[in-house]
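Trainee: Listed here are the chains, written in short residue letters.
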Amino acid sequence: DAKTTQPPSMDCAEGRAANLPCNHSTISGNEYVYWYRQIHSQGPQYIIHGLKNNETNEMASLIITEDRKSSTLILPHATLRDTAVYYCIVSPDFQGAQKLVFGQGTRLTINP
Amino acid sequence: SQTIHQWPATLVQPVGSPLSLECTVEGTSNPNLYWYRQAAGRGLQLLFYSVGIGQISSEVPQNLSASRPQDRQFILSSKKLLLSDSGFYLCAWTPFRMPLATDTQYFGPGTRLTVL
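As given, the protein sequences belong to chains A and B, one line each in that order.
For the first sequence, position 31 matches number 19 in the numbering used here, and the numbering has no gaps at all.
For the second sequence, position 101 matches number 163 in the numbering used here, and the numbering has no gaps at all.
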């Protein structure tokens, strides 16, 4: 599976957009980009995923570059509750179990 | 709606003692089930997954084992705990859907295990 590279930490002011980058230069054609986040001492929470096209849901937007070698997760109006570790994961679409490989992620701190 | 339960929430065990952590899912049938471990300051590591009753796949060799005695029950066990088994243990599930597997994983609240 392709590996991802994320900055270890980022800060963002409350109310501003938080843009979290992820590099996945060895991504394969059948691999999706997933984003999860983990608030302290809780289980990870799914945010969004995509293959080629940009995606948006009620939580965030995912922008994937045309060559698919990098992506950016955008939280449009960050709140203090968005403080968490954000994981970018690439994983193939395969039958049966979905084996996600979590890296170190980006620790995002939202400041008042 | 579907819910996932784990217990106990916290556990302190001596080295060499046995372990049994339980995970149950409600509101769905034939889920794929997963056990992860998160050591202090580390990312999540997939330990085991199961696509059906009695079907267990191990991702890393270790001192732990898993079992799935019922469709929505997943158990993590050890005969003799090591100090290195300390960590945050998370159970997760995905719908069993063929052929696509691009579903989200839903995680439980976790069990924090400290081995002394």
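Honestly, the hints are just simulated from the structure, not real lab data.
Check the hints yourself; a few may be wrong.
[Stated by the list, open to error] To be clear about the criterion: a stretch of chain B counts as covered by chain A if any three or more of its residues have a C-beta under 8 Å from a C-beta of chain A, and this derived list gives those stretches:
#	region
1	107 to 118
2	146 to 156
[Claimed, not checked] So the derived list for chain A, only partly shown, Cβ under 8 Å to chain B, looks like this:
#	residue
3	Gly31
4	Pro32
5	Tyr34
6	Ala85
7	Lys87
8	Leu88
9	Gln92
[Claimed, not checked] Distance ranges between label pairs, derived from CB positions:
#	chain 1	residue 1	chain 2	residue 2	range
10	B	Val77	A	Thr97	25 to 31 Å
11	A	Thr14	B	Lys142	35 to 41 Å
12	B	Glu84	A	Arg69	28 to 34 Å
13	B	Pro76	A	Gly17	47 to 53 Å
14	A	Leu68	B	Ser139	38 to 44 Å
15	B	Leu144	A	Thr60	39 to 45 Å
16	B	Pro76	A	Thr60	42 to 48 Å
17	A	Gly91	B	Ser146	17 to 23 Å
18	A	Asn41	B	Leu73	42 to 48 Å
Ideal Cβ placement from N, Cα and C applies to all residues, glycine included.
Trainee: Indicate, hint by hint, whether the structure satisfies it.
Mentor: Tested hints:
1. 107 to 118: holds (count 5)
2. 146 to 156: Result for this restraint: holds, n = 4.
3. Gly31: At about 3 Å, which falls below the 8 Å cut-off, the nearest Cβ of chain B leaves the hint on Gly31 (chain A) intact, so it holds.
4. Pro32: 5 Å, holds
5. Tyr34: Result: holds, 4 Å to nearest chain B Cβ.
6. Ala85: Holds, because the Cβ-Cβ distance from Ala85 (chain A) to chain B comes to roughly 4 Å (cut-off 8 Å).
7. Lys87: This interface hint holds because 6 Å falls under the 8 Å limit.
8. Leu88: 6 Å, holds
9. Gln92: At 5 Å from the nearest chain B Cβ, Gln92 (chain A) passes the 8 Å test, so the hint holds.
10. B:Val77 x A:Thr97: 25 to 31 Å: Because 36 Å falls outside the window, the suggested range is violated.
11. A:Thr14 x B:Lys142: 35 to 41 Å: 39 Å, holds
12. B:Glu84 x A:Arg69: 28 to 34 Å: Given range 28 to 34 Å: holds, Cβ gap about 30 Å.
13. B:Pro76 x A:Gly17: 47 to 53 Å: 50 Å, holds
14. A:Leu68 x B:Ser139: 38 to 44 Å: Roughly 39 Å apart at Cβ, these two residues keep to the hinted range, so it holds.
15. B:Leu144 x A:Thr60: 39 to 45 Å: Holds - the Cβ-Cβ distance for Leu144 (chain B) and Thr60 (chain A), about 40 Å, lies within 39 to 45 Å.
16. B:Pro76 x A:Thr60: 42 to 48 Å: 47 Å, holds
17. A:Gly91 x B:Ser146: 17 to 23 Å: Hint holds: Cβ distance 20 Å, inside 17 to 23 Å.
18. A:Asn41 x B:Leu73: 42 to 48 Å: 44 Å, holds
The structure shown violates just one earlier hint, number 10.
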